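There are 2 protein chains.
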Amino acid sequence: MPSALVTLDMLPSIEVELKNAVDSSNIPALADFHNMMAYHMGWEGEGAGPGATGKRIRPLLVLLTCAAAGGQWQHALPASAAVELLHNFSLIHDDIEDNSPLRRGRSTVWVKWGIPQAINTGDAMLTLAHLTILRLADHINPIIALEAVRILQQTCLELTKGQYLDISYENRSDLALDDYWPMISGKTGALISACTHLGALTAQADRVIQAAYRMFGYNLGLAFQTLDDLLGIWGNAANTGKSAQSDLVSGKKSLPVLYGLGQNKAFAQRWREGPILPGEVESVARLLEQEGARDYTQETAACLTDKALGALEVARPTGPAGDELYTLANQLLKRQV
Amino acid sequence: MPSALVTLDMLPSIEVELKNAVDSSNIPALADFHNMMAYHMGWEGEGAGPGATGKRIRPLLVLLTCAAAGGQWQHALPASAAVELLHNFSLIHDDIEDNSPLRRGRSTVWVKWGIPQAINTGDAMLTLAHLTILRLADHINPIIALEAVRILQQTCLELTKGQYLDISYENRSDLALDDYWPMISGKTGALISACTHLGALTAQADRVIQAAYRMFGYNLGLAFQTLDDLLGIWGNAANTGKSAQSDLVSGKKSLPVLYGLGQNKAFAQRWREGPILPGEVESVARLLEQEGARDYTQETAACLTDKALGALEVARPTGPAGDELYTLANQLLKRQV
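Protein chains in written order, with the numbering used here: chain A, 3 to 339; chain B, 3 to 339.
I should point out that these hints are in silico values taken from the structure, not numbers from a laboratory. It is possible that some hints are incorrect.
To spell it out: a stretch of chain A is covered by chain B in this simulated footprint if at least three of its residues, at any positions, have a beta carbon under 8 angstroms from a beta carbon of chain B; those stretches are [said to hold, decoys possible]:
(1) 24-36
(2) 128-135
(3) 141-149
Taking lysine-lysine pairs in the DSS-like style, the calculated list, with each CA pair at most 30 angstroms apart, reads [to be verified]:
(4) K57(B) with K255(B)
(5) K114(B) with K57(B)
(6) K57(A) with K254(A)
(7) K336(A) with K57(A)
(8) K309(A) with K255(A)
(9) K309(A) with K254(A)
(10) K255(B) with K114(A)
(11) K336(B) with K309(B)
(12) K114(A) with K254(B)
(13) K255(A) with K114(B)
(14) K254(A) with K336(A)
(15) K255(A) with K336(A)
(16) K114(B) with K254(A)
(17) K114(A) with K57(A)
(18) K114(B) with K114(A)
Computed from a predicted structure; not experimentally measured. C-beta atoms are modelled at their ideal positions from N, C-alpha and C, and glycine is treated no differently.
Please put together the full structure from these sequences, using the hints given.
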């Protein structure tokens, strides 16, 4: 079977698993409790549909890794749904914490239902993530299921540590490059490495192979984030037509910005004077490029990409799922600036 | 050994287990992340000390039940710390959701550190609860450990359902008695029944005994809540000297209030006209009593207390821990109005 067909086979199963988890609370007395989660997942309410669900990259990574490591991907479905629910829990709470009114072009949960219900809905989605991964024990021995639960819990703790750093950075004027990695390891690296780790674990791959897949996911996550940071300043939308979308305007503590702050030259001086305005975006981006931030970010992304693909080589993925894992990694990492 | 000594033995061990869980994040880069949790737990910051920690009733119930059901309570310590961490997660988020500035006489986490950090700290504490209960597997077979994890997760889902109802009741004018039980089963019954269930499970008691302990906890929780509701309107502080402390002023959807709303007489009419003012507390409390709410609440509490103690009889608790379980239940249930 051609590799893309593997993915086409997996996506509907992921959606069924996710709906089973969320629909477990769908009783009349709790109608809105369910609706808030179904709305956030992109299934209900205005703007529902494929554009609102996201691409389900994380659960796909779990299933492709499981299959590529010689396992039956159907057995890993509870883990794949769990990482997607965990991801969506963090989005619901991040949107409150960042005061974001929109997510994928739709009103965020807190805007529609208020902060109290949005906090509680995030809590519920986190809990569904953990309840869902327990279903691994239906097909896999309990010691491995417990190990999977532990990986998901530890990932969640790393997420909260990364988010703590991100929020705490808002009030700090002394940030530099070293502050980037602990934040982004928690916010991005932890979850993507959990995806590939859980896939290899449910395939019952040996420890060395599990570690290689985990390394692949970790570096894939960091490389992706680094490229995203690059596009957020020098991508087409950010740098030209839609300057309001630039990470420079939103004040995001991205890799180029922290590199620039660490240089402590003209960019750092301008940054500390207050928010960058849309009209300044092109000139400030040029300044940051002159100080070396663009090259540094690009080299870092290339280095992380090499590490990710190197780890994937070590893991020796097999079959059409293995091919698709390379394809997916290349798609994620070869976005052009 | 006299029964009270059992409790005295357990309390320091509970505190050590809790501190181990929270201190796992105590590194310099995450100092405030740790401090927020340690502050909320009552260990650090202004007003820290026994008055700020709470009485640790829930973890004591886990350990006493384990010992009374013939188990080694030391093996249940991870479960006891987990329920206390779960309880404290819900307090941190409830305080934001209810806009409460004070908890046990101290500023709440969101007041001291802002809503974004408080949401994230609650998430971290919830995660620590789930990571902590996994440590049961150090001493207990993995199938039982998985069952304990499942009980805690399910409890957490029930908590969020109860909290959803509580928040949604704020905007409803058609509430009646039937709306009380699903809310309070989730908010109070679920966690207390999890305590006694987890105690019996870790003691590896048979299913019938586990179910009896669970029933004991469930009815104990509901009876306690019902008595708390009674005291909130007709207790000394609420009814006389400190009328601002009355549940009538805070607008709490307590059992007497929902009973009164269901009667749809003078009390219901007054309630729907807007918030009760401190100066009206005595007269409105008298109205509610005349309409039968006080008697109804008292009878309900007595009935639930009988059910709780009846279930405890069925469970046949043994030894000094068994005696202490009766003592604790009686202390909780015999508070005078």
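Output the numbers, in ascending order, of every earlier hint that fails for this structure. none
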